[in-house]
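This is what each chain is made of:
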Amino acid sequence: MISDVVIYTSLVGAFIGTLGMLLTSNLIKKILALGIVETSVTLFFVAISSKSGTKAPIIQSVPFEAENFADPIPQAVIITSIVIGFAILSLLLAFTIMLHNRFHTVDVNLIENMLEGEEE
Amino acid sequence: MIIYLSIIPLLLGGLSLALHRRRKIAISLTFASLIASAVILLFNLGKDFEAVIGDWGMLGISIGYDEFSLPFLLAVIVVLAAVTLNSLHKSYDGFFYALITLLLGSLNAVFITRDLFNVYVSFELASIIGFILIAYGREGKQIWATVKYMLIAALGFNFYLVGIGLVYLKSGTFSFLALDYMDRLPAALIFTGLSVKSGLFLLSMWLPDAHANAGTEISPILSGLMVKIEDYLVIRFLQYSSFEWLRNFYLVIGTFSAVAGVLFAMNARKAKDVLAYHTFSQIGFIIAASNMAAAWHAFSHAVFKGLLFMTAGNIKERLGTQKISEWKGKVNIKEFLPLIVGSAAIMGTPLTSGFVTKNGIMDSISGPAKYFLIVASIGTVISFSKLIFVGISKEKMKQRWNISLGYGIMVFTIFAHGIIGFDTHHTLDALLMIAVGIPLYFMLKSFLKPLPRILEKLDNSFILYLLLFGVMLSVIII
Numbered sequence: 000m001i002s003d004v005v006i007y008t009s010l011v012g013a014f015i016g017t018l019g020m021l022l023t024s025n026l027i028k029k030i031l032a033l034g035i036v037e038t039s040v041t042l043f044f045v046a047i048s049s050k051s052g053t054k055a056p057i058i059q060s061v062p063f064e065a066e067n068f069a070d071p072i073p074q075a076v077i078i079t080s081i082v083i084g085f086a087i088l089s090l091l092l093a094f095t096i097m098l099h100n101r102f103h104t105v106d107v108n109l110i111e112n113m114l115e116g117e118e119e
Numbered sequence: 000m001i002i003y004l005s006i007i008p009l010l011l012g013g014l015s016l017a018l019h020r021r022r023k024i025a026i027s028l029t030f031a032s033l034i035a036s037a038v039i040l041l042f043n044l045g046k047d048f049e050a051v052i053g054d055w056g057m058l059g060i061s062i063g064y065d066e067f068s069l070p071f072l073l074a075v076i077v078v079l080a081a082v083t084l085n086s087l088h089k090s091y092d093g094f095f096y097a098l099i100t101l102l103l104g105s106l107n108a109v110f111i112t113r114d115l116f117n118v119y120v121s122f123e124l125a126s127i128i129g130f131i132l133i134a135y136g137r138e139g140k141q142i143w144a145t146v147k148y149m150l151i152a153a154l155g156f157n158f159y160l161v162g163i164g165l166v167y168l169k170s171g172t173f174s175f176l177a178l179d180y181m182d183r184l185p186a187a188l189i190f191t192g193l194s195v196k197s198g199l200f201l202l203s204m205w206l207p208d209a210h211a212n213a214g215t216e217i218s219p220i221l222s223g224l225m226v227k228i229e230d231y232l233v234i235r236f237l238q239y240s241s242f243e244w245l246r247n248f249y250l251v252i253g254t255f256s257a258v259a260g261v262l263f264a265m266n267a268r269k270a271k272d273v274l275a276y277h278t279f280s281q282i283g284f285i286i287a288a289s290n291m292a293a294a295w296h297a298f299s300h301a302v303f304k305g306l307l308f309m310t311a312g313n314i315k316e317r318l319g320t321q322k323i324s325e326w327k328g329k330v331n332i333k334e335f336l337p338l339i340v341g342s343a344a345i346m347g348t349p350l351t352s353g354f355v356t357k358n359g360i361m362d363s364i365s366g367p368a369k370y371f372l373i374v375a376s377i378g379t380v381i382s383f384s385k386l387i388f389v390g391i392s393k394e395k396m397k398q399r400w401n402i403s404l405g406y407g408i409m410v411f412t413i414f415a416h417g418i419i420g421f422d423t424h425h426t427l428d429a430l431l432m433i434a435v436g437i438p439l440y441f442m443l444k445s446f447l448k449p450l451p452r453i454l455e456k457l458d459n460s461f462i463l464y465l466l467l468f469g470v471m472l473s474v475i476i477i
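Protein chains in written order, with numbering that gives the first Met the number 0: chain A, 0 to 119; chain B, 0 to 477.
Keep in mind that the hints were calculated from the coordinates and are not lab data. Some hints here could point you the wrong way.
Here's a subset of chain A near chain B, in silico, CB distances under 10 Å, partners left out [to be verified]:
#	residue
1	V4
2	V5
3	T8
4	V11
5	I15
6	M20
7	N25
8	T41
9	F43
10	N67
11	D70
12	R101
13	N108
14	L114
Example chain B residues on the side facing chain A (calculated, C-beta under 8 Å, incomplete) [said to hold, decoys possible]:
#	residue
15	L40
16	L58
17	Y119
18	Y135
19	M149
20	A153
21	V161
22	G164
23	L168
24	L176
25	Y180
26	K456
27	D458
28	I462
29	L466
30	L467
Derived DSS-like pairs (lysine-lysine); straight-line CA-CA distance at most 27 Å [as the list claims (entries may be wrong)]:
#	chain 1	residue 1	chain 2	residue 2
31	B	K456	A	K28
32	B	K444	B	K393
33	B	K169	A	K54
34	B	K269	B	K444
35	B	K322	B	K444
36	A	K28	B	K140
37	A	K50	B	K169
Using N, Cα and C, we set each Cβ at its ideal position, and we do this for glycine too.
Extracted from the complex, chain A is given alone in its bound form (with noise of 0.2 Å):
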C-alpha cells in the first residue's frame, strides 16, 4: 500500500523535474531540476524494493526466518545510479563554470545567441 503510494510520487517527482528542465532558460536551475529527476527515480527505485516487505535487509541470526524483507536488489544496483547522477551533475556544473567565464552569463538563449554571433 505504501509502496504504490512511493511509486506515484516518484513519478510525480520525476514530471515535475522535467517540467522545471523545460521551463526555466537558466543553466543552473535547469540541473537542478535535472537533480529532482534522478533523485525520483532514486525513489522508485527504493519503492520497488519495498514492495516484498519493509525491514531492512539484514540477516542477524544465523537460522533466520522472518519474511518481511525489502528486496536488496534494488537498492544495490540504484547506489550505481546515484554514483553516476553525481558524476554527470558535476561535469555539468563544471561545465557550467568554464560557459560562465566565457560568455559572463548562465542564461540559455542569451548564450546561443552569443555562439550564433560568433558563426559569421
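Given chain A, put chain B in place with the hints provided.
Same frame as chain A, but now just chain B:
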C-alpha cells in the same frame, strides 16, 4: 573467455590514467589493449554462447557473444586504432590516451553484456568519456554542445531507468531473458530512453552541433561508435517478442530520419556539418531495417564515416576553414584519395563496403518505405558530390606516416569488406543512382542554402524529444 574483452582495456586504462604524465606509456597501453581485444575477438570468432559471471543464476550479470555483436566489436577496434594513429604527432597528453583506452573497455562491455542494468552502467561510462572528449578542445562551441548533449541525454536515461525498474518489478531480474514477458509500457520507456542517443532525426537534435564541433580525432568516435551503441541495442532488443510491436514504429521513424537527414546534409555548406547531418540519414537506414544486414551496415558506416570525418578534420586543420567552397583547388591528392574512397563507400559504389551492406538493407525492406530509402540514396550522392568535385591542387605535400597508416587501415577495411561481400545483382541499380545523382547536383547546386537551425536549440530539441515520448505513450494507451 569473452569477459577479458572489457576487463583488459579497463585495467590498462586505469593504469595509464595513473601514469598519464608519461605520454609514451599511455600510448603503448592503448595499442596493447587494442591488440589484446583483436586477439580475443579472433579466438571467439564463430562461437555463440551466453554465461553468467560468478554463481548467481538469474541475479548475476550475464554476458554473451554472438553474430550480432561481431560487427560492432570489429568497428570499435578499427575506428579506435585509426584514430589513435592519426593523433600520434599532435599535442594530446597522456590523459587523452587513457580516456581512449577506457572508452575501448566500456564500448566492448556494452556489446557483450546481457544485463539491462549493466547496459546502463557501461553506456553511461562510455557517454561520460564522450562528454569529456567533445569538450576536449575547450572552445566555447564545444562546451556548449557538450552541455546540450548532457542535459538531454541524462533526462533520457532516467526514463530508461524507470523502464528497467518496471521490468524488475514484474520479473525480479535484470537479465535480457526477462524481456520476453513484458508489457508495452516498460518497452516504450526503454526505447524512448535509449533513443535520445540514437542519432535519429527529431529525437537527438543535439547531434549536429556536437559532431561538427568536436576535434578531428573525436568526431569519428562519436559518429562511428557512440551512436552505434543504441543501434546495437535496438537490433538486439527487437529479437525479443515483447518488442515486436515496435518494429513498424522504427521502420517509419527510420525512413523519415533517412530522408530528413539527407535534406539537411544537401544544404549544409561546411564539410563537418554535411557529415554530421548525414549521420541522421545513415542511422535511419540502419534503424529502418534493424536486422543482421543493418548490423553490418553499422560496421561499414562506422568505418567510412570515420574515414570521412578524419580526412575532413585533417584538411580543416591544414587550411584553417571548414567551408567546402574555400577548399576549392587546395586539397592535396594525398588527402583527396581517402576523401573520395569514403564518399564512394557512403554512396554505395560497387566494390566498397557501403554497396554490400546497403543492398542487404534494401533487400530486407518492402513496401513504400523502399522508395523513400531510394530517394535518400540519391540525396546521398547529391550531398557527397560536393566533396568529390572539390578540385585538387598540384602542390607537393609531405604527409606524416602515422596519418597515412590511419587512412590505410580504414581504406583497406572498406575495400576488403566490399570485395569479400561483392554480389552482382544490384550493381546496375547502384550505378544508376550515382548517374542520376551527379547531374542533379549540378542542376541543384545554386539552389542549395543552409537550412535554419531552429530545431537544434536546446529548448526546442527538448520539446521535440518529449513530444515524441508523449506520442509513444499515447500509442500504448490507445
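Results of checking the hints against the structure:
1. V4: Where the cut-off is 10 Å and the nearest Cβ of chain B is about 15 Å from V4(A), the hint is violated.
2. V5: With Cβ-Cβ at 12 Å, over 10 Å, it is violated.
3. T8: Nearest chain B Cβ about 13 Å off; hint violated.
4. V11: violated (12 Å)
5. I15: violated (13 Å)
6. M20: holds (6 Å)
7. N25: Result: violated, 12 Å to nearest chain B Cβ.
8. T41: It holds, given that the least Cβ distance between T41(A) and chain B is near 9 Å, below 10 Å.
9. F43: F43(A) check passes; min Cβ-Cβ to chain B is 6 Å, inside 10 Å.
10. N67: Since chain B brings no Cβ nearer than about 17 Å to N67(A), farther than 10 Å, the hint is violated.
11. D70: holds (8 Å)
12. R101: holds (5 Å)
13. N108: This hint holds: N108(A) lies near chain B, its Cβ roughly 8 Å from the closest one there, short of 10 Å.
14. L114: Hint on L114(A): holds, closest Cβ of chain B at ~6 Å, below 10 Å.
15. L40: Given a least distance of 27 Å, the restraint on L40(B) is violated.
16. L58: This hint holds: L58(B) lies near chain A, its Cβ roughly 6 Å from the closest one there, short of 8 Å.
17. Y119: holds (7 Å)
18. Y135: violated (12 Å)
19. M149: Since the shortest Cβ distance to chain A is 6 Å, the answer is holds.
20. A153: Holds: closest Cβ of chain A sits about 5 Å from A153(B), inside 8 Å.
21. V161: holds (6 Å)
22. G164: Given a least distance of 5 Å, the restraint on G164(B) holds.
23. L168: holds (5 Å)
24. L176: violated (16 Å)
25. Y180: violated (17 Å)
26. K456: This interface hint holds because 6 Å falls under the 8 Å limit.
27. D458: This interface hint holds because 7 Å falls under the 8 Å limit.
28. I462: For I462(B), the interface hint holds, since the closest Cβ of chain A sits about 7 Å away, which is under 8 Å.
29. L466: It is violated, given that the least Cβ distance between L466(B) and chain A is near 11 Å, above 8 Å.
30. L467: Because about 14 Å separates L467(B) from the closest Cβ in chain A, which is outside the 8 Å limit, the hint is violated.
31. K456(B) x K28(A): It holds: about 17 Å lies between the C-alpha atoms, which stays within 27 Å.
32. K444(B) x K393(B): Holds, at about 26 Å.
33. K169(B) x K54(A): Satisfied, since the Cα-Cα distance of roughly 21 Å is no more than 27 Å.
34. K269(B) x K444(B): Holds, at roughly 15 Å.
35. K322(B) x K444(B): holds (15 Å)
36. K28(A) x K140(B): holds (21 Å)
37. K50(A) x K169(B): holds (11 Å)
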